[in-house]
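Heads up, the sequence shown is in the working numbering, so the first residue is 1266 and it goes up one at a time.
Hints listed in this document are in silico derivations from the structure and should not be mistaken for laboratory results. The reader is advised that the hints may include incorrect statements.
[Unchecked claim] Calculated pairs, DSS-like style, for lysine-lysine (alpha carbon to alpha carbon, straight line, at most 27 Å):
| # | residue 1 | residue 2 |
| --- | --- | --- |
| 1 | K1349 | K1284 |
| 2 | K1349 | K1276 |
| 3 | K1357 | K1284 |
| 4 | K1404 | K1284 |
| 5 | K1349 | K1404 |
| 6 | K1276 | K1329 |
[Said to hold, decoys possible] Cβ pair distances, simulated, as ranges:
| # | residue 1 | residue 2 | range |
| --- | --- | --- | --- |
| 7 | E1328 | E1396 | 23 to 33 Å |
| 8 | S1350 | E1279 | 24 to 34 Å |
| 9 | K1329 | E1407 | 34 to 44 Å |
| 10 | R1268 | E1421 | 32 to 42 Å |
| 11 | A1442 | R1269 | 22 to 32 Å |
| 12 | G1394 | P1308 | 38 to 48 Å |
| 13 | E1328 | H1363 | 15 to 25 Å |
| 14 | D1348 | R1283 | 19 to 29 Å |
| 15 | H1363 | R1424 | 12 to 22 Å |
| 16 | E1328 | A1427 | 35 to 45 Å |
| 17 | E1328 | K1404 | 30 to 40 Å |
| 18 | W1411 | R1268 | 34 to 44 Å |
| 19 | E1407 | R1434 | 18 to 28 Å |
Built from N, CA and C at the ideal position, the CB exists for glycine as well.
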Amino acid sequence: MIRRAAAFAAKAHEGMMRKGSRIPYIYHPMEVALIVAQMTDDPEVIAAAYLHDVLEDTSVTPEKIQGEFGARVLSLVQAESEDKSLTWRERKANTVAHLKRAPREVKLLTLGDKLSNMRSTARDYMVIGDEIWQRFNEKHRESHRWYLEGILDGLEELRELAQFQELERLYHMVYEA
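Please model the complete structure; the sequences and the hints are all you need to start from.
Structure below.
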């Protein structure tokens, strides 16, 4: 299942690049899956890590994911997907609100996703500083800080994990510099 999810994600994200870079987008779901695999050996959760952005960023349908990977993987992917019809602030507020009561496997996916994003953000922040915020839909650093504070709060039960601690260190490096 994990190999199929990796191949499925690679095809779905083909030709896409990370924001503000020439890095193929598939590297992000690959990194998320690797991070998640360090925290769980559940193949459905790891498969969902590969697939976590396909609903919101590609033309893949929920029916296609369910048909290929089953209802649980679809449910996990949907838990990581945002309603793009909402504003940035509304989407992020919904994510934070849902995260507080989400099951552990959803929190593991969120931690993997946000850690991968923060690794990239921190790396680029060290090079270009506050110019980094211009590559995002939301251009204000304080908005991103507010969002990540909410994520860290929602993931508090994972505090014992090295991945949570790394995310927290990166948060301090970028937002308290």
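Going down the list of hints, with the structure as the test:
no.	hint	in the structure
1	K1349 to K1284	holds, 17 Å
2	K1349 to K1276	holds, 22 Å
3	K1357 to K1284	holds, 18 Å
4	K1404 to K1284	holds, 13 Å
5	K1349 to K1404	holds, 17 Å
6	K1276 to K1329	holds, 13 Å
7	E1328 to E1396: 23 to 33 Å	violated, 41 Å
8	S1350 to E1279: 24 to 34 Å	holds, 25 Å
9	K1329 to E1407: 34 to 44 Å	holds, 38 Å
10	R1268 to E1421: 32 to 42 Å	holds, 33 Å
11	A1442 to R1269: 22 to 32 Å	violated, 41 Å
12	G1394 to P1308: 38 to 48 Å	holds, 41 Å
13	E1328 to H1363: 15 to 25 Å	holds, 23 Å
14	D1348 to R1283: 19 to 29 Å	holds, 22 Å
15	H1363 to R1424: 12 to 22 Å	holds, 19 Å
16	E1328 to A1427: 35 to 45 Å	holds, 37 Å
17	E1328 to K1404: 30 to 40 Å	holds, 36 Å
18	W1411 to R1268: 34 to 44 Å	holds, 38 Å
19	E1407 to R1434: 18 to 28 Å	holds, 20 Å
Checked against the numbered hints listed earlier, the structure breaks hints 7, 11; every other hint is satisfied.
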